[in-house]
Amino acid sequence: MRHVIIGAGAAGLTAARRIRELDSTAEIVVISRDEHVHSRCMLHKYLSGERDERTLNFVSPDFFEKNRITWIKSAEVQAIVPDRKNVVLGDNQMVCYDKLLIATGADSFIPPVGDFRTAGNVFGLRNLSDAQEIVKHIKPQGKVIIVGSGLVGMDAAYGLLEKKMDVTVVEMADRILPIQLDEAAGNEYKKLFEKAGCKFILNRKASETILDSQNNVSQLILDDKTVLDCDVIIVAAGVRPAIACTIESGIDVEKNIKVNEYMETSVRDIYAAGDVAGMSGIWPNAMKQGCTAAENMCGNRTAYEDTYAMKNTINFFGLVTLSLGRGQVQEGDKVVIREDSKCYKRAIIREDKLDSVLLQGNMDYAGVYQYLIKNNIKLKAEDDIFKKSFADYYKVRTDGQYEYNL
Amino acid sequence: MKRIMIDYMKCDGCKNCTAACMQAHREEQGTIYDLDLTDPKNESRNHILSDGRGGYRPIFCRHCDLPECVMSCMSGALSKDSVTGVVSYDVNKCGSCFMCVMNCPYGVLKPDTLTRTKVIKCDFCMEKGGEPSCVKNCPKKAIWVEEVQA
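One line per chain: the protein sequences are P and R, in this order.
For reference, each letter of the first sequence is one residue, going 5 to 410 in our numbering.
For reference, each letter of the second sequence is one residue, going 785 to 934 in our numbering.
Please note: incorrect hints may appear among the correct ones.
Unchecked claim - When the alpha-carbon atoms are kept at most 25 angstroms apart in a straight line, the in silico BS3-like pairs for lysine-lysine are as follows:
hint, chain 1, residue 1, chain 2, residue 2
1, R, K902, P, K391
2, P, K70, R, K877
3, R, K825, P, K346
4, R, K877, P, K167
5, R, K786, P, K399
6, R, K799, P, K399
7, R, K794, P, K77
8, R, K902, P, K346
9, P, K391, R, K794
10, R, K794, P, K399
Simulated from the structure, these hints should not be mistaken for lab results.
Just chain R, same shape as in the assembly (with noise of 0.2 angstroms):
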């Protein structure tokens, strides 16, 4: 399976990749420079967090192996799919009860901020190629795709 790859130590705490997601993910189309930050709607599915003394350190889905949001998923929403390894999201079929969010131990997931009826979760942009656009926007080469065994 890919994977996106993180090296942390190349991690400046630009947030390329942060916009690149939300940029993705908008519902309405534009360019990055009409992409309203602050707007709720736009939520990134990957974060940045600063370790406090000048370092970053990348929090991504890692499309696990052996996901726990997987394991948790009472409406059949969540699933791991055999062939590409990409941990998809079924918002239609998400019944809202965010035992994912709780269950994730890298704390990657969240519910949506305006409606907290579905979880915001890296979907590998799979709908745009599966090449993603964090990756592909990410100036300091801290995150790669890469072939895995799963």
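Okay, chain P solo, but in the shape it has when bound (with noise of 0.2 angstroms):
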């Protein structure tokens, strides 16, 4: 049996560990447009220049070798011939496979703003190779812009304060990390960039350009013409699935690759998990995808069902967060809020369960609070939110491990 798998991200390497494991024997081959095996969550310390390369990498170094996996680096999978079985590389290479996964993750999206999609020194930060490329443009004290203040941008905002530039972010929310925090939240975070030289200019777009004779922009103007000088751009308004590969394989395609639970495409032996099919943004949902697409492959029916994806968690300058849900108050909610000068807190409850909660300086054994949001676990009226702990549903099974007793 030969199990392709293009893309060396979350979901790709995954799945090959996890074929590994299941078949000793199993061929298996990655493809990868990357040259280096690369978390996408660290991009920023290597800008920052806390992180190489080499120490990007989240999988051990003989990780190929030791799984006996065939790795094609730097390779650009041109198409998917399913009649065939095999896939094409950009160099005519033929690779057969007997069961395929995509996994080749998402690319940024570089909004048709001026002359965004073309100018020399307009970088997403998505890949590797963003990086590198941002690391070559930029010059000690140079002008950054940074568009979007969400995790990427900040991610980027604080890369390049370490690196000492003068970095502006541009947001058009009111505030910043708008999709995972709230204002008080916010604000926290944006005293600390500011008092590490970073400026925001909130509720603002970016709208027009100005080349300078080498093909880069020089200016940025935004939606009340305000006119910011730059060195670089960089643009953090969302990814797009990478579905490049897929064009006339047949396979269904809308924004993303559509599969159903068990990571199937519509074509019969082609997979896809991560971000390509589009479930969720972020890493761990991204393992468990490649983890279920593996099994599947290997003939273990095996359904993805934690698909709630509504997480994420924050760092910057020490200060943690944690946020669970939209967010987004509802008419009948009960909101929690409480703060004291380390920590501010926020829950969100509607219909006596727990739909989103914030929890900023301080989140200790927080993971019980995703375990009740996900399974929809009823709250009691006298129920302390931010007591709640696994000592409430404690139970410990005959071989040791932990268990939810509801």
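With the hints as a guide, bring the two chains together.
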């Protein structure tokens, strides 16, 4: 049996590892555009110089050898040909498969603002290649504009502030990290970033660009006609599933590759997992999808069940935050807020169930909250949501593992 | 694999296990008598919760068969050893994102209090010969090590 996996990210390599655990004789081939295995969640540490190509690796250096995986790196898949059960690489090399997993992830979305898509100094921050390009283009004290203050935008800001760059973040919402945080929690980070020298322009959109003679954006114009000088622009405006390799393959694709709960695409023996499957943009879910795909590729019918994805953790300047749920208050919700000098907590309880929770400053032992939300666990009226712990549901199985006693 | 088994009915909440864990993981050498229990550097990897009715619930890392923490680690710092079953943590690899804290369903994990750069995580006292200090110091035999099917 020959398993071919496109993509060497969280989903792809988790799948590869799992296939090897399940089948010691299978042939496993990983094809990746990337030259280095790297964790996309740590690219800001590359920008800051804290990590390099080697230390961004999230698997052991002998991963491919140890698991007997053939790794074709720096290779682009041009086409998938289900009729012949092969994939065609950029150099026309063909790789045959019995089972194929597409785990190509996603690419930065660069909106069509001015010359963003063609200028030489506008980058996303998604792949190591993006980070490498950014590092090549930055100069000491250079002016960097970051468009978007989501997690990727703030990651980029954090990394470049470490490099003593002059960083300005432009955000169209009225606060930073608008999806993950409310205003109070966002402001705490804003203050820390400002202390590190970061500037913020909120409630504004990038609207036009002015190019210099080298086809670089030298000035960015905002929707209120503010003009900002810049040496480099980083666009953190979300990602789009990397579906290019599916063109003309017959695989059912809309914005993302469509999969069922077994991670199967519409074409027999072809699976998809991770960002390209569009179910979640976060690492833990990508790993689980990769694992589920591997089980099914090896013939163990296994459904992907842990679909909850409205979750994130943030850690900048040692201020940690856990954010679960959409954080949007509806009529009839009970909102519980508690704060002290070190900590801000907010919970939204909807129909006796925890809908969202935000813990900033202290997230000790907070894993229980995700379980409460994910499993729709009913709370009692007398429960103090911030005192919930596993002790309330405690059960030890005969094999010593914990289980929720509901 | 070996697992620290728990009979919570036997636990009387004395926190000997907690002190033993702090002692086992302290940076400077010393005895339990000069261990500074208030120094946030000396954090325990286990903790005991009260049920509010005179009973106790020991919260110890289970080194789960399907560890959610490992399945959330974006740096490769957390891994499950296929031979020993131990879920180990490599502080040098850790990216301090704390998705493992978010993902542990039993609330066993926490970021370190002082620096928020590492996870406070049971290591089964592997560096001390794999005999967990907490177990050795439980006067009630509420925790013990047993070989279990993984």
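Non-conforming hints, listed in increasing numerical order:
Of the numbered hints, just 7 does not hold.
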